[in-house]
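Chains A and B are the protein sequences, given in the same order.
For the first sequence, counting from 1, position 126 maps to 126 in the UniProt record's numbering; every step adds exactly one.
For the second sequence, counting from 1, position 67 maps to 67 in the UniProt record's numbering; every step adds exactly one.
Calculated directly from the structure, the hints in this document are not laboratory data.
Don't take each hint at face value.
List time: in silico EDC-like cross-link candidates among lysine to aspartate or glutamate, alpha-carbon distance up to 20 Å [what the hints assert, rightly or not]:
1) B:LYS212 <-> A:ASP214
2) B:LYS58 <-> B:GLU220
3) A:LYS212 <-> B:GLU162
4) A:LYS209 <-> B:ASP75
5) B:LYS212 <-> A:GLU65
6) A:LYS96 <-> B:GLU65
7) B:LYS212 <-> A:GLU137
8) A:LYS96 <-> B:GLU137
9) A:LYS209 <-> B:GLU195
10) B:LYS209 <-> A:GLU195
11) A:LYS96 <-> A:ASP35
12) A:LYS46 <-> A:GLU195
13) B:LYS113 <-> A:GLU137
14) A:LYS209 <-> B:GLU220
15) B:LYS96 <-> A:GLU65
16) A:LYS212 <-> B:ASP281
17) A:LYS209 <-> B:ASP281
18) A:LYS212 <-> B:GLU65
19) A:LYS113 <-> B:GLU195
20) B:LYS96 <-> A:ASP35
21) A:LYS209 <-> B:ASP272
22) B:LYS209 <-> A:GLU283
23) A:LYS212 <-> B:ASP75
24) B:LYS209 <-> A:GLU137
25) A:LYS209 <-> B:GLU266
26) B:LYS209 <-> B:GLU220
27) A:LYS212 <-> A:GLU137
28) A:LYS46 <-> A:ASP35
29) A:LYS209 <-> A:ASP225
30) A:LYS212 <-> B:GLU195
31) B:LYS46 <-> B:GLU137
32) A:LYS113 <-> A:ASP35
33) A:LYS96 <-> A:ASP142
34) B:LYS212 <-> A:GLU220
35) A:LYS58 <-> A:GLU220
36) B:LYS209 <-> A:GLU236
37) B:LYS113 <-> A:GLU195
38) B:LYS209 <-> A:ASP281
Protein chains: 2
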Amino acid sequence: MARKRDGERSGLPRGLREQLRIPPGGSPVDLSSYDPAATPGGPPDKVKAREEALATGKRLASLQERLYAAATAGDRRRLLLVLQGTDTSGKGGTVKHVIGMLNPAGCRITAFKAPTDEERRHHFLWRIERALPRPGEIGIFDRSHYEDVLIARVRELVPAGEWSARYAEINRFEQALTDDGVAFVKVFLHISHAEQRRRLLRRLDDPSKHWKFDPGDVEERELWDHYRDAYEAMLERCSTVAAPWYVVPADRKWYRNWAVSRLLLEQLEEMDPRYPPARFDPEVYRARLATG
Amino acid sequence: MARKRDGERSGLPRGLREQLRIPPGGSPVDLSSYDPAATPGGPPDKVKAREEALATGKRLASLQERLYAAATAGDRRRLLLVLQGTDTSGKGGTVKHVIGMLNPAGCRITAFKAPTDEERRHHFLWRIERALPRPGEIGIFDRSHYEDVLIARVRELVPAGEWSARYAEINRFEQALTDDGVAFVKVFLHISHAEQRRRLLRRLDDPSKHWKFDPGDVEERELWDHYRDAYEAMLERCSTVAAPWYVVPADRKWYRNWAVSRLLLEQLEEMDPRYPPARFDPEVYRARLATG
Numbered sequence: 001m002a003r004k005r006d007g008e009r010s011g012l013p014r015g016l017r018e019q020l021r022i023p024p025g026g027s028p029v030d031l032s033s034y035d036p037a038a039t040p041g042g043p044p045d046k047v048k049a050r051e052e053a054l055a056t057g058k059r060l061a062s063l064q065e066r067l068y069a070a071a072t073a074g075d076r077r078r079l080l081l082v083l084q085g086t087d088t089s090g091k092g093g094t095v096k097h098v099i100g101m102l103n104p105a106g107c108r109i110t111a112f113k114a115p116t117d118e119e120r121r122h123h124f125l126w127r128i129e130r131a132l133p134r135p136g137e138i139g140i141f142d143r144s145h146y147e148d149v150l151i152a153r154v155r156e157l158v159p160a161g162e163w164s165a166r167y168a169e170i171n172r173f174e175q176a177l178t179d180d181g182v183a184f185v186k187v188f189l190h191i192s193h194a195e196q197r198r199r200l201l202r203r204l205d206d207p208s209k210h211w212k213f214d215p216g217d218v219e220e221r222e223l224w225d226h227y228r229d230a231y232e233a234m235l236e237r238c239s240t241v242a243a244p245w246y247v248v249p250a251d252r253k254w255y256r257n258w259a260v261s262r263l264l265l266e267q268l269e270e271m272d273p274r275y276p277p278a279r280f281d282p283e284v285y286r287a288r289l290a291t292g
Numbered sequence: 001m002a003r004k005r006d007g008e009r010s011g012l013p014r015g016l017r018e019q020l021r022i023p024p025g026g027s028p029v030d031l032s033s034y035d036p037a038a039t040p041g042g043p044p045d046k047v048k049a050r051e052e053a054l055a056t057g058k059r060l061a062s063l064q065e066r067l068y069a070a071a072t073a074g075d076r077r078r079l080l081l082v083l084q085g086t087d088t089s090g091k092g093g094t095v096k097h098v099i100g101m102l103n104p105a106g107c108r109i110t111a112f113k114a115p116t117d118e119e120r121r122h123h124f125l126w127r128i129e130r131a132l133p134r135p136g137e138i139g140i141f142d143r144s145h146y147e148d149v150l151i152a153r154v155r156e157l158v159p160a161g162e163w164s165a166r167y168a169e170i171n172r173f174e175q176a177l178t179d180d181g182v183a184f185v186k187v188f189l190h191i192s193h194a195e196q197r198r199r200l201l202r203r204l205d206d207p208s209k210h211w212k213f214d215p216g217d218v219e220e221r222e223l224w225d226h227y228r229d230a231y232e233a234m235l236e237r238c239s240t241v242a243a244p245w246y247v248v249p250a251d252r253k254w255y256r257n258w259a260v261s262r263l264l265l266e267q268l269e270e271m272d273p274r275y276p277p278a279r280f281d282p283e284v285y286r287a288r289l290a291t292g
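Same shape as in the complex, but just chain A (with noise of 0.2 Å):
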């Protein structure tokens, strides 16, 4: 119903998540066949954007109340944004600006680096579990578990054996976290080659962002075609019912910040967390505080 009513505000013929979904079901995925630049279902222009982003906001901080007071009487249920994408995809800025707007009280934010020795004596899934967002809780994952099927695919960190078994785990720790109330909205930002050359001068131009750039950076992007191999795995094979993989053109940041709020708007009205009914008498209490 939620889903209908934005349909019609916005004339979209059908909600952002359906337009955005890699299909589940393993069919190829070919990510040249996906513009960067794209803007599906948004709208037409940065101001009309940014004119939506604060009745979007609104609309995600009341919901997110809900769903937080929900959990205060059992309600399990939290929500999970996986984001991935190459370096200058805009992970950090899509936190900053869609994650933002809500109230940071119920964010559980972790951006996962290259793993620790500790980590790394674990299986690779238990930082992950680690990390998860409790029942009303908003969790973000600025990177995740797919970097063990990404950077450890391409730099071949672990043997093939090891990381092609991995595409059936996460696929079976999702469902897994599905079944206990995890609502999962993973977002691949996808960026041309070239908005990526022209983010990676910025950074060098500008003494206030050296500190964002890694030369390691300029090394990964000389392996853009096996990376893009890699995403291309990622999508096909784990793009479940239970926890579909969006993919979302990131050459325009304002479309990017757009897109991921009305992801998470779909998600969180599709849930429709509701204020839990009170366990006390309200005329008990306020007699008690009209004496004192």
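Following the hints, complete the assembly by docking chain B onto the known chain A.
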């Protein structure tokens, strides 16, 4: 210097920190001499406060980014906002409205509840250590280790000899953290007995706020005078040069938000974090990017 500039701009004779700080040294504190509805140093009204918040939010976010950037080059500094105050004093509202102006990726927020069984088996500072901000982060404690000299004292959860030794323990702990780069902003949100009644009644009247109403809050309210004594002892004994306490009048939410954001701003301006210099030669990478 930053503080002088602020003073000039807003017409304040001196920084807000000086105005709201409990002078270190252990002189008796009488909370009845602090008006919870006052607005010391603040803008004349809500509208003006909201206007200022936009500019303050931008400056805060910019300083936060520098702090974060500096940590990538080894700067160990971080900021820790400690929020204490009775139920309904606005700790959660402060996180939502003030911390909501920051980049959530650089914030580490912990709401301390009654200790779990595991936490109870450890020293009272164990769970605090685990929640500290890492270098470059802004930590936010909604309640804190001070609960161990507040509810623990009022409810006699531990023998008097034990809680009374904690004031000095806390001071040593905070001194050690300060030496390691933690800048404290400890805020006591000061509301009146009458304002608490209004806020509790509002929660009872609004079904969408019932989840926030804890019947236990009414029991705690009946111990108001005991809590006042415990707050006064905390302010007297733990306002140190290294980590002073600020008393923020909190009956007016707009003033509370304004004041806490200003305290953070003054602290960050004094810290004056800097973007680190590049540890690479930009020309080398510009050339590599030109070819692919």
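Verification of the supplied hints:
1. With a C-alpha separation of about 45 Å, the suggested pair LYS212 of chain B and ASP214 of chain A falls outside the 20 Å cut-off, and the hint is violated.
2. Between the alpha carbons of LYS58 of chain B and GLU220 of chain B the distance comes to roughly 38 Å, so the proposed pair goes past 20 Å and is violated.
3. Among the hinted pairs, LYS212 of chain A with GLU162 of chain B is inconsistent with the structure: their alpha-carbon atoms are about 48 Å apart, more than 20 Å.
4. About 17 Å separates the Cα atoms of LYS209 of chain A and ASP75 of chain B, which keeps this hinted pair within 20 Å; it holds.
5. Taking the CA atoms of LYS212 of chain B and GLU65 of chain A, the gap is near 11 Å; set against the 20 Å cutoff, the hint holds.
6. Distance hint between LYS96 of chain A and GLU65 of chain B is fulfilled; the C-alpha atoms sit about 11 Å from each other, no more than 20 Å.
7. Distance restraint check for LYS212 of chain B and GLU137 of chain A: the Cα-Cα separation of roughly 16 Å lies within the 20 Å cut-off, and the hinted pair is therefore satisfied.
8. Straight-line distance between C-alpha atoms of LYS96 of chain A and GLU137 of chain B comes to about 14 Å, which keeps the hinted pair within the 20 Å bound.
9. Among the hinted pairs, LYS209 of chain A with GLU195 of chain B is inconsistent with the structure: their alpha-carbon atoms are about 47 Å apart, more than 20 Å.
10. At most 20 Å may separate the alpha-carbon atoms for a hinted pair to count; LYS209 of chain B and GLU195 of chain A exceed this at roughly 47 Å.
11. Of the supplied pair hints, the one linking LYS96 of chain A and ASP35 of chain A is violated, its CA atoms being roughly 24 Å apart against a limit of 20 Å.
12. With a C-alpha separation of about 18 Å, the suggested pairing of LYS46 of chain A with GLU195 of chain A holds against the 20 Å cut-off.
13. A threshold of 20 Å between alpha carbons decides the hint, and for LYS113 of chain B with GLU137 of chain A the separation of about 16 Å falls inside it, so the pair holds.
14. About 50 Å separates the Cα atoms of LYS209 of chain A and GLU220 of chain B, which puts this hinted pair outside 20 Å; it is violated.
15. As the CA atoms of LYS96 of chain B and GLU65 of chain A are separated by approximately 11 Å, the hinted pair is consistent with the 20 Å bound.
16. Of the supplied pair hints, the one linking LYS212 of chain A and ASP281 of chain B holds, its CA atoms being roughly 14 Å apart against a limit of 20 Å.
17. For a cut-off of 20 Å, the pair hint linking LYS209 of chain A to ASP281 of chain B stands: about 14 Å separates their Cα positions.
18. For the given pair, LYS212 of chain A sits about 11 Å from GLU65 of chain B by alpha-carbon distance, which is consistent with the 20 Å threshold.
19. For the hint pairing LYS113 of chain A with GLU195 of chain B, the CA-to-CA distance comes to about 46 Å; that exceeds 20 Å, so the pair is violated.
20. A hinted pair counts as satisfied when its Cα atoms are at most 20 Å apart, and LYS96 of chain B with ASP35 of chain A does not qualify at roughly 37 Å.
21. Taking the CA atoms of LYS209 of chain A and ASP272 of chain B, the gap is near 17 Å; set against the 20 Å cutoff, the hint holds.
22. For a cut-off of 20 Å, the pair hint linking LYS209 of chain B to GLU283 of chain A stands: about 15 Å separates their Cα positions.
23. For the hint linking LYS212 of chain A to ASP75 of chain B, the alpha-carbon distance of about 15 Å falls within 20 Å, and the restraint holds.
24. With a C-alpha separation of about 18 Å, the suggested pairing of LYS209 of chain B with GLU137 of chain A holds against the 20 Å cut-off.
25. For the suggested pair LYS209 of chain A and GLU266 of chain B, the alpha carbons sit about 24 Å apart, so the restraint of at most 20 Å is broken.
26. The suggested pairing of LYS209 of chain B with GLU220 of chain B holds, with an alpha-carbon distance near 19 Å, which does not exceed 20 Å.
27. Distance restraint check for LYS212 of chain A and GLU137 of chain A: the Cα-Cα separation of roughly 29 Å exceeds the 20 Å cut-off, and the hinted pair is therefore not satisfied.
28. In summary, the hint linking LYS46 of chain A to ASP35 of chain A is supported, as the alpha carbons are separated by about 18 Å, within the 20 Å threshold.
29. The hinted pair formed by LYS209 of chain A and ASP225 of chain A fails the criterion: a straight-line CA distance of about 27 Å is larger than 20 Å.
30. The straight-line distance between the Cα atoms of LYS212 of chain A and GLU195 of chain B is roughly 47 Å, outside the 20 Å bound, and the hint therefore fails.
31. Taking the CA atoms of LYS46 of chain B and GLU137 of chain B, the gap is near 30 Å; set against the 20 Å cutoff, the hint is violated.
32. A distance of roughly 28 Å separates the Cα atoms of LYS113 of chain A and ASP35 of chain A; the hinted pair therefore is violated under the 20 Å criterion.
33. Of the pairs offered as hints, the one joining LYS96 of chain A and ASP142 of chain A holds, with about 11 Å between alpha carbons and a cut-off of 20 Å not exceeded.
34. For the hint pairing LYS212 of chain B with GLU220 of chain A, the CA-to-CA distance comes to about 48 Å; that exceeds 20 Å, so the pair is violated.
35. As the CA atoms of LYS58 of chain A and GLU220 of chain A are separated by approximately 38 Å, the hinted pair breaks the 20 Å bound.
36. Note on LYS209 of chain B and GLU236 of chain A: the hinted pairing is violated, with a Cα-Cα distance of about 44 Å set against a maximum of 20 Å.
37. At most 20 Å may separate the alpha-carbon atoms for a hinted pair to count; LYS113 of chain B and GLU195 of chain A exceed this at roughly 46 Å.
38. Pair hint LYS209 of chain B plus ASP281 of chain A holds up; C-alpha atoms about 14 Å apart against a cutoff of 20 Å.
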